[in-house]
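> So the sequences go chain by chain: P and C.
Counting along the first sequence from 1, when you hit position 2 you're at 2 in our numbering, and nothing is skipped either side.
Counting along the second sequence from 1, when you hit position 418 you're at 418 in our numbering, and nothing is skipped either side.
What the hints contain is simulated information worked out from the structure, not anything from laboratory work.
Backbone N, C-alpha and C define an ideal beta-carbon position, used for all residues, glycine too.
A few of these clues could be false.
[Said to hold, decoys possible] With a straight-line cut-off of 30 Å between C-alpha atoms, the simulated BS3-like cross-links for lysine-lysine are:
hint, chain 1, residue 1, chain 2, residue 2
1, P, 67, C, 379
2, C, 219, C, 67
3, C, 409, C, 304
4, P, 257, C, 267
[To be verified] Some chain C residues flagged as far from chain P (calculated, every beta-carbon gap over 12 Å):
hint, residue
5, 286
6, 345
7, 347
8, 372
Here are the chains, one letter per residue:
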Amino acid sequence: MRPNLAGWCFAGPALVVIAVFFMLPVAAAFVLSLTDFDIYAIADPANLRVVWLHNYVQLLRTALFWKALGNTLYFVVVGVPLSIVVSLATAVLLDSELARFKGAFRTALFAPVVTTVVAVAVVWRNLFHARYGWINYALGAVGIAPVDWLGNPHWSMPAIILFAVWKNFGINMIIFVAALQAIPRELYEAARIEGASATQQFRLVTLPLLGPTLLMVGIVTMAGYFQLFAEPYVMTQGGPLQSTVSALYLMYEQGFKWWSLGVASAVAFALFALMLASTALLLRATRARLAAWGG
Amino acid sequence: MTIPARLLSTALALTLCACSRPHNDLTFWAMGRESEVVAELLPEFERTHPGVHVSVHQLPWTGAHAKLLTAVVGAATPDLAQLGNTWIPELAELHALEPLGPRVQHSVSVQPSDYFDGIWDTNVIDGVLYGVPWYVDTRLLFYRTDLLKQAGFDAPPENWKQWRQTMAAIKQRAGPGHFSILLPLNEFEPLTALALQQREPLLRDGGGRGNFDSPGFRKALGLYVEMFDRSWAPLVSEAQISNVWDEFGRGYFAYYISGPWNIGEFKRRLPPERSHDWMTAPLPGPDGPSASIAGGSSLVIFAKSPRKEQAWQLIEYLSRPDVQERFRTLTGDLPPRRSVWNLPALAADPYARAFRQQLERVRPAPKVPEWEHIEDEVKLVGELAATGQMTVEHAARELDRRVDAILEKRRWILARRGARG
């Protein structure tokens, strides 16, 4: 009994905070998702109807919901690996013994993370401009026809992905740099004496020892990328032809533009279920791999 | 409650009041450019109304709607506010606004008959007046006089037939890469304006169902789609036109459906050699001059305000023709009162003349809280039809389907109200 009480005393404050600021709102949002709460209900609570799972059923029947899920998955499936590869590549370069001015490069590469999305989006909108943007200018120099990045529904999502990866890779890069520095140098030395090439060293020494870090970075990045919102909000407002409407953007429109808070909560829970499922899948897939690496 | 507790809570309430706003401060929420400029008009009001101090809160347009609704829910509304007139039905539904009918009846300065009918009407929901128009907004044609002349026309079109003829002729002369008209795909206003010109209302059953699958709307959407099909209009949205004024000056397009703020912008931004090559004209209608959008902002008083009398005095002051004229020169916003239009400065402006004619014929959009959501769907389905992914008939049916789904709750509310009496 005694040790138990002490334990509760230590965990208590944190539990109270989590209960009040997380569990309670989530439960309230779930209850909200079972109703048709909207501005009529704000006017008069008698206008509130409990619709049970109707919001969810209706969502599954809405083309835009599937489109938003598709766009979000597109962003996650392409964006997460790309972001991790870029972070890892820059981290390896920064960790290399040949690299000079490491501090300056680390700061420069990390800088996008601390900028505000809205401010850099203005810059990137100009870079992406179909007729006057530098990206098309550069493409033109190597003979590629101009791309209507933000106006063509096929190119809008790649443009958003490029922007998001540039904006976010720095934070993972720093984590990778720290993990790389923790790898004992003797292992590389031993590998070199055994005659391992640079690629072999990377594949057989670096990657296995980065395993747990990679998994953590993968999960955090995926969870973050599923919540795509600010980039399309400031760059395209979901257009053209709703090609950059993400699940969260749909939720924002339903909840804060049209004030259908019941539907918006349902979108939030659908997204939550999707994220939970994909994280579980990722964990299961990588656990087997980690075991094989001995990590 | 014990006495010390009551004392404590009173003291707390007093301190809270003291930090949030000084007593007798009239809080006025305004948006965008108007919120910056209105401060210049207030010293005179404060001088003639001793004891009243107005504090203006500036809201960005993008966040204003959410902020207003949050304020209503949290009972933290200001005394008065500037309100986009399509938001009035929503706030009226929330019982957040003070009916202004009795005050207007006894007012010397606010004369309903002096206001453009269509604009005044946007403030009347189910027969109750909730706002007084502050400035107006509508859409009409900006056009290049020289390009029209080169195509063989001395006057702008008045009906759709002439409009089609001029667009065909301009396109024929201009060739590929240049266009007759610019209709940005991310704007709902051009298509909505064409739809408002039809005899059929856009919603039926008391705003309970869409009426887009009607001959009138199909005709409007038909013209809209035809302009893209025949390459009279480029398939672009606002973001793809870097600078409409430059492109208008270059002759990328000859017609542009836009609003009053562009009078000032065109005067300022067109190159000097183009400064006499443009004019405005009322929007052509199916069979002659017809309706357009009745947009703009109104001034409203909130039902929870404890200072309604002072708030009304401020509205009366801001509605005075001489104050409106000053407001116009500061912002370029067009006034809602005919008497201000008769003042020499505005009467002499050739570019404003078409707006005066158009304002006499504007029509309010359906006054339901869901209208902004419906507008968004009109824009999206218009884009689908313009890019050829739906036929006009299919698009009209699809729009009705989507709008009926949005209005499901409203139908239920209307049925309940009907049942109750």
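> For each hint, tell me whether it holds in the structure or not.
Hints versus structure:
With a CA separation close to 18 Å, the supplied pair residue 67(P) and residue 379(C) stays within the 30 Å bound. Proposed proximity of residue 219(C) and residue 67(C) is contradicted: the alpha carbons are some 38 Å apart, above 30 Å. A C-alpha spacing of about 27 Å is found between residue 409(C) and residue 304(C), which places the hinted pair at or below 30 Å, so the restraint holds. Distance check on the hinted pair: residue 257(P) and residue 267(C) sit about 35 Å apart at the alpha-carbon level, beyond 30 Å; violated.
Against chain P, the non-interface label of residue 286(C) holds: every CB pair exceeds 12 Å, the least being about 29 Å. With a closest Cβ-Cβ approach of about 37 Å to chain P, residue 345(C) is found to remain outside the 12 Å limit, as its non-interface label requires. Annotated as non-interface, residue 347(C) keeps its C-beta farther than 12 Å from every C-beta of chain P; the closest such distance is 39 Å. Look at residue 372(C): its CB is around 8 Å from the nearest CB on chain P, not clear of 12 Å, so calling it non-interface is violated.
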